Amino acid sequence: DVKVTQSSRYLVKRTGEKVFLECVQDMDHENMFWYRQDPGLGLRLIYFSYDVKMKEKGDIPEGYSVSREKKERFSLILESASTNQTSMYLCASSRPGTGGSVEQYFGPGTRLTVT
Amino acid sequence: TQLLEQSPQFLSIQEGENLTVYCNSSSVFSSLQWYRQEPGEGPVLLVTVVTGGEVKKLKRLTFQFGDARKDSSLHITAAQPGDTGLYLCAGGNTGKLIFGQGTTLQVKP
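Chains A and B, in that order, give the protein sequences.
Note that the first sequence covers residues 233 to 347 in my numbering.
Note that the second sequence covers residues 83 to 191 in my numbering.
To be clear, the hints were calculated from the coordinates, so they are not data collected in a lab.
Computed from a prediction, not measured in an experiment: that's the story for all the values here.
One or more of the hints may lead you astray.
To be verified - Incomplete in silico selection of chain B near chain A, CB under 8 Å:
1. 115
2. 128
3. 133
4. 140
5. 144
6. 177
7. 178
8. 181
9. 183
Backbone N, C-alpha and C fix where the C-beta goes; we use that ideal spot for every residue, glycine too.
Let's have the full structure, built from the sequences with the hints guiding it.
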């Protein structure tokens, strides 16, 4: 089974702190993604990566950066946390599915609260 | 911008009832997926449909992809409390997914 793990389930940080969220997948997937999930808004893509050291902005990259130094690890960085970044953060990796589709596998999420 | 609209957003029903959740867009997708998410966990893939008009069944769940590949539906027959959760549709193009806002389903015993 594909396993995607995230470093913390719950995290509380203060405004202005630098925050690191780590994600590791064990299935040698090339593609990895970071989303945030807020009630009524579904999942919104922050950043994604198709390969080591490669990154692309998603729909809401402002205030975030990412790092992918190894294939299995994809980190999300909040340079200076703000209260509007309080959210559930989900990491995913993907593999090709049927008919050219992409099957994504998610970690359990990190619920971040910024006070 | 591609968008997926799910309806209804909330559904509370009694065990044994049937229900349908809809996922609509003005855009064409190469594939459409449904995920279920339980509290405190990440979404889990239920099914992928790729052909217009395709119907897939997973036990009591029936998934359909619209003929024009712009919409999809999820039908649950005789819902059980174990079906409770957040159901998300996601449309695929170019390796990324666009997610709907989700439908929260509560099935009461």
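Right, here's what the structure says about each hint:
1. 115: holds, 7 Å
2. 128: violated, 11 Å
3. 133: With a minimum Cβ separation of about 7 Å from chain A (threshold 8 Å), the hint on residue 133 of chain B holds.
4. 140: The hint is violated - residue 140 of chain B has no Cβ within 8 Å of chain A, the shortest such distance being about 14 Å.
5. 144: It is violated, given that the least Cβ distance between residue 144 of chain B and chain A is near 18 Å, above 8 Å.
6. 177: It holds, given that the least Cβ distance between residue 177 of chain B and chain A is near 6 Å, below 8 Å.
7. 178: Holds, because the Cβ-Cβ distance from residue 178 of chain B to chain A comes to roughly 7 Å (cut-off 8 Å).
8. 181: Nearest chain A Cβ about 4 Å off; hint holds.
9. 183: holds, 4 Å
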